[in-house]
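Peer 1: Line by line, the protein sequences are chains V and Y. Going by my numbering, the first residue of the first sequence is number 1, and it counts up by one from there. Going by my numbering, the first residue of the second sequence is number 1001, and it counts up by one from there.
Be careful, since some hints might not be right.
What follows is a set of in silico ranges between Cβ atoms, one per label pair, in the way DEER data are often shown [to be verified]:
1) V:Glu238 - Y:Arg1258: 23 to 33 Å
2) V:Glu260 - Y:Pro1138: 21 to 31 Å
3) V:Ala21 - Y:Lys1100: 29 to 39 Å
4) V:Arg242 - Y:Lys1046: 50 to 60 Å
5) V:Ala21 - Y:Thr1162: 35 to 45 Å
6) Y:Ser1176 - V:Cys140: 33 to 43 Å
7) V:Pro213 - Y:Ser1176: 37 to 47 Å
8) V:Asp254 - Y:Pro1138: 56 to 66 Å
9) V:Phe171 - Y:Ser1047: 50 to 60 Å
10) Y:Thr1162 - V:Asp244: 17 to 27 Å
11) Y:Asp1126 - V:Lys54: 45 to 55 Å
12) V:Glu260 - Y:Gly1080: 50 to 60 Å
Straight-line Cα separation of at most 25 Å, BS3-like style, residue types lysine-lysine; simulated pairs [said to hold, decoys possible]:
13) Y:Lys1100 - Y:Lys1084
14) Y:Lys1190 - V:Lys54
15) V:Lys229 - V:Lys198
16) V:Lys168 - Y:Lys1156
17) V:Lys68 - Y:Lys1230
18) Y:Lys1106 - V:Lys74
19) V:Lys68 - V:Lys44
20) Y:Lys1230 - Y:Lys1181
21) Y:Lys1230 - Y:Lys1211
22) Y:Lys1250 - Y:Lys1211
23) V:Lys168 - Y:Lys1190
24) V:Lys44 - V:Lys54
25) V:Lys44 - Y:Lys1106
26) Y:Lys1084 - Y:Lys1097
27) Y:Lys1100 - V:Lys54
28) Y:Lys1097 - Y:Lys1206
29) Y:Lys1046 - Y:Lys1129
30) Y:Lys1156 - V:Lys93
31) Y:Lys1156 - V:Lys68
32) V:Lys68 - Y:Lys1100
33) V:Lys54 - V:Lys123
34) V:Lys93 - Y:Lys1106
35) Y:Lys1190 - Y:Lys1230
36) Y:Lys1250 - Y:Lys1230
37) V:Lys44 - Y:Lys1250
38) V:Lys54 - Y:Lys1106
39) Y:Lys1206 - Y:Lys1181
40) V:Lys23 - V:Lys44
These aren't lab readings, by the way, just hints derived from the structure by calculation. Each residue gets a CB set at the ideal place from its N, CA and C atoms; glycine is no exception.
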Amino acid sequence: MKRILLVIASLCLLCVSDLYAQKTVTLRVMSMNIRQGGEYAGNKSEPYSELINKYQPDVVALQEVDYKTTRNGKRDWLNEVAMQTGMFPYFCKSITYQGGGFGTALLSKYPFYKCEKTIFSHKDTREDRSTGWIYVQLPCGESVRVGVVHLSLETSQLTIQHFASINKAFFAEDTTTPSLLIGDYNAANGSDAINYVKNKWQDVIPDLGFTIPTSGPTTQLDYVMGYPKGAWTCTSHEVIAREDMSDHCFIVADVQITIE
Amino acid sequence: MRRVLEILALLPTMFLLLSCEGNDPTPGPGPDPGKEDVLTPPEEVKSANVFVVDMFSTLEDDGDFFAMRDVASATQHIAGQSGKRPLIYMFDRADFKVGKSHPLNKLSYTANIYQLFAQHEPTSADVTKGTAMATQYPVNLYDGLAEDGAYMSGLKISAPLTTTTPVCIYTSRISSLDQMKQIYDAKSMKLLNDGVIVALVDNAIKAEVVKYVEQTMSLRAATYGSGDTKLDLLVVVPPAYVCRSIESGKTANLPYYRVSIEKWLWE
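Whenever a hint applies, use it, and build me the whole structure from the sequences.
Peer 2: In C-alpha cells form, the structure reads like this:
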C-alpha cells in the first residue's frame, strides 16, 4: 500500500512540475546607430561586420542604414553585413533617399518566420521613420519578437506621439510574445518621452549609462526596452564607444526572460 | 503520511486539469456543416489574370539544394526572365547553417531581390532545414507561423493582374496531417481570401492532405508528382483562384516546377 501511495505521490509531483514548467530564454542583442549609413567608416560594411562577429549577437538593431544610396556607392550595405556575418537581414525603409533608401534594419543569427513594420509620418517631423520587428524561434524552442526603433526628435510631444503610434501597431495583433524594442529613442533618461515609454515597457538595462557622443558620452539616447514589463533581466552589458564608426556608442547586452 | 494524504486530496483536481488540456476542439477531416461548396472555375484561362511561381526542387528531400548547385545559375534564371516574370522563386531545400552566409544573401545581393527563409523545422543551433523564397516585387508583408511543429512563411505581394491584386504566397513542408490542421487553425481567414500555399508534401500522406484541404478547409488543392519521388508539390489556393498548370523545367542543373495560378473570381 505504501509503495502504491509513493507512486501516486510521485506522479502528482511530476504533474505539478509539468504544469509550472519554466524556461529561461537568453539572447544577446546589439544596438548600433551607424550614423548616416556608416559615414564615419567611409560607408564601408566591413568594420561593422567585424564588430558584430566579435560579439556574436543573436539580433542586431541598426539605425540610419542606407540602401543603394549615392553616398554609399549604390551598395546594399545591409546585405553585405549579412553575408559577412552569416545573419538574416530585414530592412525597414523609412524614406527614399539619394536614389535608394534610408531606414532601420535588423540582423538575426537565426531565421525569422515573420516580420512587420510601421512608419510614422507627421507634418511636423523632418522625415518619416520606420520601426520594424521580427519573430524568431530560438533553438530553445521559444519565440521572441525583437524590434528596432529610431524615434522622432523634433519635440518631446512628437517623440511621445511617435512612440504611441508604435505601441498601437506593435500590439495590434499580439500582446503575448516576449518582446524587445531596441535602438535610438532620441530622448534622455528621465525625460517625458522615456517616462512615457516606461508606462508599458521595461528599461532592461537601467544602469546602462551614457551613449552619446562617442568622444565622451554625456547623455543616454539608446535603450533596450522589454515587454512584458518587469519580466526581463540583463545579465551583462557593454557600451562600446567607437569614434571611427558613429557618434552613438553601440550597446551589447545579454538579456533573459523566464517563460512559464 | 499526512503529506501523502494531502497529495491524494489534490488528485481529483489534477486529473480534472489534465483532462481539460488537449481537449481543444480541432476540426476533423469529416464534413463541416458550415462549409460552402467551392465554385467551379471556367475552363477558359484569362492569361492577364495568371501569375507564376517557380519552385526549384528535386522532390527527393535529398539534402541542401545549393550544396551541389551553383547559386549563380539561380541568379541567371531570375535575371533571364522576361515578359510575365514569376512572382516568387522558391528553392527547396536551402538549409541554413548558423554563422554561415545563406545562399539567399548572395542571391539577394546579385539579383536585387527581396528574400525570406522559410524554416521547415524547429530552429537548430546548427542546421535548420528550409525553403528559400525570393522575389523581385516589393513585399508588403512577411507573414508566417512557427507553432507546435507547424511552420509556414510567406510574402505578400501586389500581383500585376488586370487589377493590382495583393496575394500572400506561402511555402511549407507538410509531413503530417496535423501540420495542415495547425496551418488551417492559424491562417484560415487568410487562406480563404488571398493566401496561396506552394508547398512540398510527403508522397505517402498526399491523398489525405488533399482531402482535408478540399473538404474541411474549403480550398482548392492541386498536386504534382510521379509517385516515384519522396515528395510531391502541393498547391493550395482560395476559392477565387485556380491552379491552371504545373510544368517541370530545368535551368543548368537546377530542376524546377512552374506553377501557374489564375485569379478567376472577382467581387
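Peer 1: Each hint: holds or not?
Peer 2: Do the hints match the structure? See the list:
Distance hint check for V:Glu238 and Y:Arg1258: the Cβ-Cβ separation is about 51 Å, which falls outside the suggested range of 23 to 33 Å. One distance hint, 21 to 31 Å for the beta-carbon pair V:Glu260 and Y:Pro1138, is violated here, with the actual separation near 40 Å. A hinted range of 29 to 39 Å for the beta carbons of V:Ala21 and Y:Lys1100 is consistent with their spacing of about 33 Å. Take V:Arg242 and Y:Lys1046: their Cβ atoms lie about 58 Å apart, and the range 50 to 60 Å holds.
V:Ala21 and Y:Thr1162 have their C-beta atoms about 54 Å apart, which leaves the hinted 35 to 45 Å range violated. A hinted range of 33 to 43 Å is violated for the C-beta pair Y:Ser1176 and V:Cys140, which are about 23 Å apart. A C-beta distance of roughly 56 Å is found between V:Pro213 and Y:Ser1176, which places it outside the suggested range of 37 to 47 Å. At about 36 Å, the beta-carbon gap between V:Asp254 and Y:Pro1138 misses the expected band of 56 to 66 Å.
The hinted window of 50 to 60 Å between V:Phe171 and Y:Ser1047 is violated, with their beta carbons roughly 43 Å apart. Checked against the given bound of 17 to 27 Å, the beta carbons of Y:Thr1162 and V:Asp244, roughly 54 Å apart, lie outside it. Between Y:Asp1126 and V:Lys54 the beta carbon distance is about 21 Å. The supplied range of 45 to 55 Å is therefore violated. Evaluation of the 50 to 60 Å hint for V:Glu260 and Y:Gly1080 yields a pass: the beta carbon distance comes to about 53 Å.
Taking the CA atoms of Y:Lys1100 and Y:Lys1084, the gap is near 34 Å; set against the 25 Å cutoff, the hint is violated. Of the supplied pair hints, the one linking Y:Lys1190 and V:Lys54 is violated, its CA atoms being roughly 42 Å apart against a limit of 25 Å. Only pairs whose Cα atoms come within 25 Å are accepted, and V:Lys229 paired with V:Lys198 is accepted, the gap being roughly 8 Å. Pair hint V:Lys168 plus Y:Lys1156 holds up; C-alpha atoms about 22 Å apart against a cutoff of 25 Å.
For the hint pairing V:Lys68 with Y:Lys1230, the CA-to-CA distance comes to about 42 Å; that exceeds 25 Å, so the pair is violated. The straight-line distance between the Cα atoms of Y:Lys1106 and V:Lys74 is roughly 16 Å, inside the 25 Å bound, and the hint therefore holds. Between V:Lys68 and V:Lys44, the direct Cα distance comes to roughly 12 Å. Compliance with the 25 Å bound is thereby established for this hinted pair. Distance restraint check for Y:Lys1230 and Y:Lys1181: the Cα-Cα separation of roughly 22 Å lies within the 25 Å cut-off, and the hinted pair is therefore satisfied.
Taken as a hint, the Y:Lys1230 and Y:Lys1211 pair is honoured in the structure, with Cα atoms around 19 Å apart against an allowance of 25 Å. As the CA atoms of Y:Lys1250 and Y:Lys1211 are separated by approximately 31 Å, the hinted pair breaks the 25 Å bound. The suggested pairing of V:Lys168 with Y:Lys1190 holds, with an alpha-carbon distance near 22 Å, which does not exceed 25 Å. Taken as a hint, the V:Lys44 and V:Lys54 pair is honoured in the structure, with Cα atoms around 17 Å apart against an allowance of 25 Å.
Note on V:Lys44 and Y:Lys1106: the hinted pairing holds, with a Cα-Cα distance of about 18 Å set against a maximum of 25 Å. Annotation: proposed proximity of Y:Lys1084 to Y:Lys1097 is violated, straight-line Cα distance about 34 Å (limit 25 Å). Using a Cα cut-off of 25 Å, the hinted pair Y:Lys1100 and V:Lys54 holds, with the two alpha carbons roughly 15 Å apart. A C-alpha spacing of about 29 Å is found between Y:Lys1097 and Y:Lys1206, which places the hinted pair above 25 Å, so the restraint is violated.
Straight-line distance between C-alpha atoms of Y:Lys1046 and Y:Lys1129 comes to about 37 Å, which puts the hinted pair past the 25 Å bound. Restraint check for Y:Lys1156 and V:Lys93: the C-alpha separation of about 17 Å stays at or below 25 Å, so the hint holds. Simply put, Y:Lys1156 and V:Lys68 have alpha-carbon atoms about 23 Å apart, close enough for the 25 Å limit, and the pair holds. Straight-line distance between C-alpha atoms of V:Lys68 and Y:Lys1100 comes to about 24 Å, which keeps the hinted pair within the 25 Å bound.
Straight-line distance between C-alpha atoms of V:Lys54 and V:Lys123 comes to about 41 Å, which puts the hinted pair past the 25 Å bound. Pair hint V:Lys93 plus Y:Lys1106 holds up; C-alpha atoms about 20 Å apart against a cutoff of 25 Å. Taken as a hint, the Y:Lys1190 and Y:Lys1230 pair is broken in the structure, with Cα atoms around 29 Å apart against an allowance of 25 Å. Only pairs whose Cα atoms come within 25 Å are accepted, and Y:Lys1250 paired with Y:Lys1230 is accepted, the gap being roughly 19 Å.
Annotation: proposed proximity of V:Lys44 to Y:Lys1250 is violated, straight-line Cα distance about 38 Å (limit 25 Å). Of the supplied pair hints, the one linking V:Lys54 and Y:Lys1106 holds, its CA atoms being roughly 22 Å apart against a limit of 25 Å. A threshold of 25 Å between alpha carbons decides the hint, and for Y:Lys1206 with Y:Lys1181 the separation of about 14 Å falls inside it, so the pair holds. Our distance criterion of 25 Å between C-alpha atoms is broken by V:Lys23 and V:Lys44, whose separation comes to about 40 Å.
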